[in-house]
Amino acid sequence: MLFEFDIEFERRTGNLNEVELESWSKYDDILEANKNDVTFNKRLHSDDNDNVKEGIARLIFLELLAMN
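To convert, note that position 52 of the sequence shown is 52 in UniProt numbering; the numbers rise steadily by one, no gaps.
Rather than coming from a laboratory, the hints here were simulated on the basis of the structure. It is possible that some hints are incorrect.
Claimed, not checked - For each label pair, taking beta carbons as the anchor points, the in silico distance ranges come out as:
no., residue 1, residue 2, range
1, K42, N17, 28 to 38 Å
2, G14, E54, 15 to 25 Å
3, E18, K42, 30 to 40 Å
4, N17, L59, 13 to 23 Å
5, E54, E20, 16 to 26 Å
6, R58, E18, 14 to 24 Å
7, N17, R58, 13 to 23 Å
8, E54, L16, 14 to 24 Å
9, I7, A66, 12 to 22 Å
This structure is a prediction, so every number in the text was calculated from the model and none was measured. Here a beta-carbon is modelled for each residue, glycine too, at the ideal position from N, C-alpha and C.
Whole structure, please, built from the sequences with the hints as guidance.
So, in structure tokens, the structure goes:
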């Protein structure tokens, strides 16, 4: 499953421009800012496997980045 997340992550981030790539430095800030969001937490903690959680967090981050 992590492999699938990695492929999707690379697919979505492969064409980011310099400004979008700089947004990755805000990754932890965005996760922290959204930690109290019930839907966010439900999705992030839907699996006990830390690698899967990381993959889910990456995809959620991409969704948040797309909203801004």
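Results for each hint:
no.: 1; hint: K42 with N17: 28 to 38 Å; in the structure: holds, 32 Å
no.: 2; hint: G14 with E54: 15 to 25 Å; in the structure: holds, 18 Å
no.: 3; hint: E18 with K42: 30 to 40 Å; in the structure: holds, 33 Å
no.: 4; hint: N17 with L59: 13 to 23 Å; in the structure: holds, 20 Å
no.: 5; hint: E54 with E20: 16 to 26 Å; in the structure: holds, 20 Å
no.: 6; hint: R58 with E18: 14 to 24 Å; in the structure: holds, 20 Å
no.: 7; hint: N17 with R58: 13 to 23 Å; in the structure: holds, 18 Å
no.: 8; hint: E54 with L16: 14 to 24 Å; in the structure: holds, 19 Å
no.: 9; hint: I7 with A66: 12 to 22 Å; in the structure: holds, 18 Å
When each numbered hint is compared with the structure, no violation occurs for any of them.
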